[in-house]
Amino acid sequence: MKRIIWILVIAALAGAAAFSLMRYTPIEPVAPIEPSPDLPKQLTKPVETQKPQREPAIKPKPVIPESKPVENGALEEPAVELFPVALKNYSYAFWLNGWKKNLNDKSADILSFETGHYGLTLDLSDFGKTRFSLLNDKADYTEALREDTKRISGLDPVELVIKVNVDGRIFRAVTCQAGIDQGVKKLQAARLWESGQLVQHYDLIGLVFKDDSGLELSCEGKLDIVVWPNSLALNLELAPEQSGWSNAKIGMQFNDWHTEKTISGAWETGAKKQFRIACDLNGREKVKNGIAIQLNTPQNQNFPVEFDDVYNCYFAKISKRDLKRRWKTGYTDIREYDEFDISIENSNGNTYVPFQLDLSNPGNITGLCPILCLKDGTPTGIPVQLSKNWHHEGLGAYLRAYALIPAKQGASNYKLRIAYGFYGTLPSASHAQLSLIGWGKDGAHGNNGRWDQLAIGCWGETICFDMDMSCVENVITDVRLLMTRNGRTGGKWTWTDAGWGGDWMNLRDNHDQKLYFTELKTAYVSQGPCLTEVHYDGYYGSEREVDLKATVRTLRTDDYARTFLSFNYTFTKPVSATDGWLFKMGKTSRLVTPEVAYGNIDGLIKEHKVPSRLDKGEVYLKQTELTGNGPWWVAFPGAYKVDGKDWGTGSRALVIRSYEALLDGKTYTNPTISFPVYRVESRGNINLDMILTPPKGVKEFQPGDTVAFEAEWITLPRIADDYYGPNEIFRKHLAKYPRSWKSVYREALGNNLKVQTVGGTVKQSYPIIIEATRSDDIQVKIAGGVGVVPIRFEGLESANYALYQVVGSKRSKLDQSVHGNDFWQTRYDPKSNTYSLTFNLPLDGLRTSGWILRAD
42 MKRIIWILVI
52 AALAGAAAFS
62 LMRYTPIEPV
72 APIEPSPDLP
82 KQLTKPVETQ
92 KPQREPAIKP
102 KPVIPESKPV
112 ENGALEEPAV
122 ELFPVALKNY
132 SYAFWLNGWK
142 KNLNDKSADI
152 LSFETGHYGL
162 TLDLSDFGKT
172 RFSLLNDKAD
182 YTEALREDTK
192 RISGLDPVEL
202 VIKVNVDGRI
212 FRAVTCQAGI
222 DQGVKKLQAA
232 RLWESGQLVQ
242 HYDLIGLVFK
252 DDSGLELSCE
262 GKLDIVVWPN
272 SLALNLELAP
282 EQSGWSNAKI
292 GMQFNDWHTE
302 KTISGAWETG
312 AKKQFRIACD
322 LNGREKVKNG
332 IAIQLNTPQN
342 QNFPVEFDDV
352 YNCYFAKISK
362 RDLKRRWKTG
372 YTDIREYDEF
382 DISIENSNGN
392 TYVPFQLDLS
402 NPGNITGLCP
412 ILCLKDGTPT
422 GIPVQLSKNW
432 HHEGLGAYLR
442 AYALIPAKQG
452 ASNYKLRIAY
462 GFYGTLPSAS
472 HAQLSLIGWG
482 KDGAHGNNGR
492 WDQLAIGCWG
502 ETICFDMDMS
512 CVENVITDVR
522 LLMTRNGRTG
532 GKWTWTDAGW
542 GGDWMNLRDN
552 HDQKLYFTEL
562 KTAYVSQGPC
572 LTEVHYDGYY
582 GSEREVDLKA
592 TVRTLRTDDY
602 ARTFLSFNYT
612 FTKPVSATDG
622 WLFKMGKTSR
632 LVTPEVAYGN
642 IDGLIKEHKV
652 PSRLDKGEVY
662 LKQTELTGNG
672 PWWVAFPGAY
682 KVDGKDWGTG
692 SRALVIRSYE
702 ALLDGKTYTN
712 PTISFPVYRV
722 ESRGNINLDM
732 ILTPPKGVKE
742 FQPGDTVAFE
752 AEWITLPRIA
762 DDYYGPNEIF
772 RKHLAKYPRS
782 WKSVYREALG
792 NNLKVQTVGG
802 TVKQSYPIII
812 EATRSDDIQV
822 KIAGGVGVVP
832 IRFEGLESAN
842 YALYQVVGSK
852 RSKLDQSVHG
862 NDFWQTRYDP
872 KSNTYSLTFN
882 LPLDGLRTSG
892 WILRAD
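Quick note: the sequence shown uses my numbering, first residue 42, plus one each step.
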């Protein structure tokens, strides 16, 4: 059998002593580092990036065992060869024709599930149109994303039967509330609870049962759907309304899975009862037997873990007051972790154990990141899905962390860490799927769609994305700052405000109506804690007028918040380019923007004092091309809120690191912006938006046109006294340049990094991404750097590498740990059987720096 290098998990399964990632080994230095005496002076153009030729692949791809269909519709399971992640252990949930639609869009509301093993679609207006098929290809998580909906385009019709026999009359569930409601928010009754790389959990409330004559049954019904990569759980909750039932019979059938139950005697009005079927594939039902799990804490607390039929997994529930902690929770600088030792005894063969930790009252719900580690805290690269909610009054704040944990026959031991404010010495990064169920008055605010929330630390949101637009008409919503207070005496470790709102592309169709998302799939590739990465792939418009590919990232850092955004729009049909935008910063109430400034890599192009005599909707600065070479930048120096709240405020800014539009055969390499007036606040104070527009003179996009750009949304404190973080270089800069566009220029120029490498290929310069081209040392030289810069090494043959900084002839291990092995991030790629490792480099004050990644 071919060599399989999986040091982390094999060590866990064998219970062996963990390796030390940071073991010292002498190495040869690269070019010496040149320190910078003053950061503003070091912002000079660095040297060009070197991209060496790639050597032959480090190792062959793993053999992926074939699964063969058998008669009962399941798959015959081959012998399981354990990897950190199985190739097909993933799932997606999305709306085929979009969540929000224009009123004239009569396309079906189809809730779609796509996993590594099967596809399932539900037409909410007609359950009789349910479709399902096994998928026996070899697409991994990201390949399935790029396939759009091709993998589920030919699903077979399947029987989904939910029936009630009352007094000899049979009623069948034919639709649900979301299938019959009207209006742009009709899908609020199809509620999203959890969604991520592993598990999709929705419920459909207001089931409608009818008999063959069309008579409707008076009842209250809900269908709860839990999708794992190789299983499906359908949970029915039902109660009579108006009058009770007697000796009712309930039946459920999906494909070849079915159940029936008789409720003997009287079934009282309003009495809810539950019924379910579990549809297991690939021998998934085997994990329900022969597995015993213990969950313990360092305080010697033991929490029961039992198989839960609703979630179809092993389930650990930790209620609000059950968990004992020796540290303060809430809005404070949480530098500790919740830690749980997971011990698995498996009397079966190799398997992946489906597991959920339901943690009520986490240390701070606004920012947290679960990490599955070896017993010594070494990250394994096994993904843990981060889904949470803080809106539900009855349930309170909770984390639902899902994993498919590799377990060989015998004992396996892991540690589940949950980082909050800090991971090691730096604030942790997280990108969570945040459920909105319960938000608003009486929990009925007309949303319940996909909402993604990013955080650096745990002191409120960093930025949020309403990806289904189930709440508002724009994608970007809450925008906040990192470690910012209202002056020297202001409160620390709490919420802030940098101006609400923004948007991705906003164009209109032939009926002058907004193009909404369709077929939008979300891949949570990394949810933290060093560098998050989430991909969005779909279309704009009911006729799929624009193909969208986007990536969102944020980072572990200690100065100010950055959100990295990349977009690729490809037009498939003619679309008007007038009165729209490619990107927007703004839609903020009670904000004043006294100045705007913009520039390029060479500095300031122009600074404007915003006049007071402007009207709402007026365009203050019409289409303006950002000239010169990029990166380009746009700032709102001195922006402030007038809402009277005593919390940290500051300004938002955009850095555009690359831009290319290919339109009607012409190439545009400079972005175009404008500044419309969003509102006029009290006493004539003007509130401007910034929009990235199509190039001047472009009236219509044509099929085949493309627009691609990379941007960085940053938020900055006003003055040095507002910033309470530990980064002294940043504090000194704020003291020298308060409320200044120079802070934005500093970021644009200083992180215009130039990266050279030996032993790898530079795929991206900021954040730095390097693909390994050999298995031994990878040398990196970086020119530039502001703050803490993420660097990710991909294509590594194992996770057993150490990173060293080189200064002259001296080599120093990078060590930002506090609780042991807690400063890097690991991810395993099952397609290539390789690892990636992510670190965060302290580059402030360095003109150049040298680094070596070395295999232990």
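Think of the hints as simulated: they come from the structure by calculation, not from any bench.
Each residue gets a CB set at the ideal place from its N, CA and C atoms; glycine is no exception.
Hints are not guaranteed to be accurate.
[Unchecked claim] Below, in silico cross-link-like pairs of lysine-lysine (DSS-like), each with a Cα-Cα straight-line distance of 30 Å or less: (1) Lys555 with Lys590; (2) Lys590 with Lys650; (3) Lys783 with Lys707; (4) Lys365 with Lys314; (5) Lys804 with Lys783; (6) Lys804 with Lys657; (7) Lys204 with Lys302; (8) Lys314 with Lys227; (9) Lys251 with Lys358; (10) Lys313 with Lys302; (11) Lys872 with Lys851; (12) Lys227 with Lys650; (13) Lys555 with Lys449; (14) Lys329 with Lys804.
[Said to hold, decoys possible] Label pairs and their computed distance ranges (CB to CB): (15) Thr338 with Gly285: 42 to 48 Å; (16) Thr619 with Pro198: 50 to 56 Å; (17) Gly669 with Lys369: 48 to 54 Å; (18) Ile760 with Phe348: 30 to 36 Å; (19) Thr183 with Pro345: 32 to 38 Å.
Which of the listed hints are not met by the structure? Hint check: 2, 3, 4, 6, 9, 11, 12, 13, 14, 16 and 18 fail, others pass.
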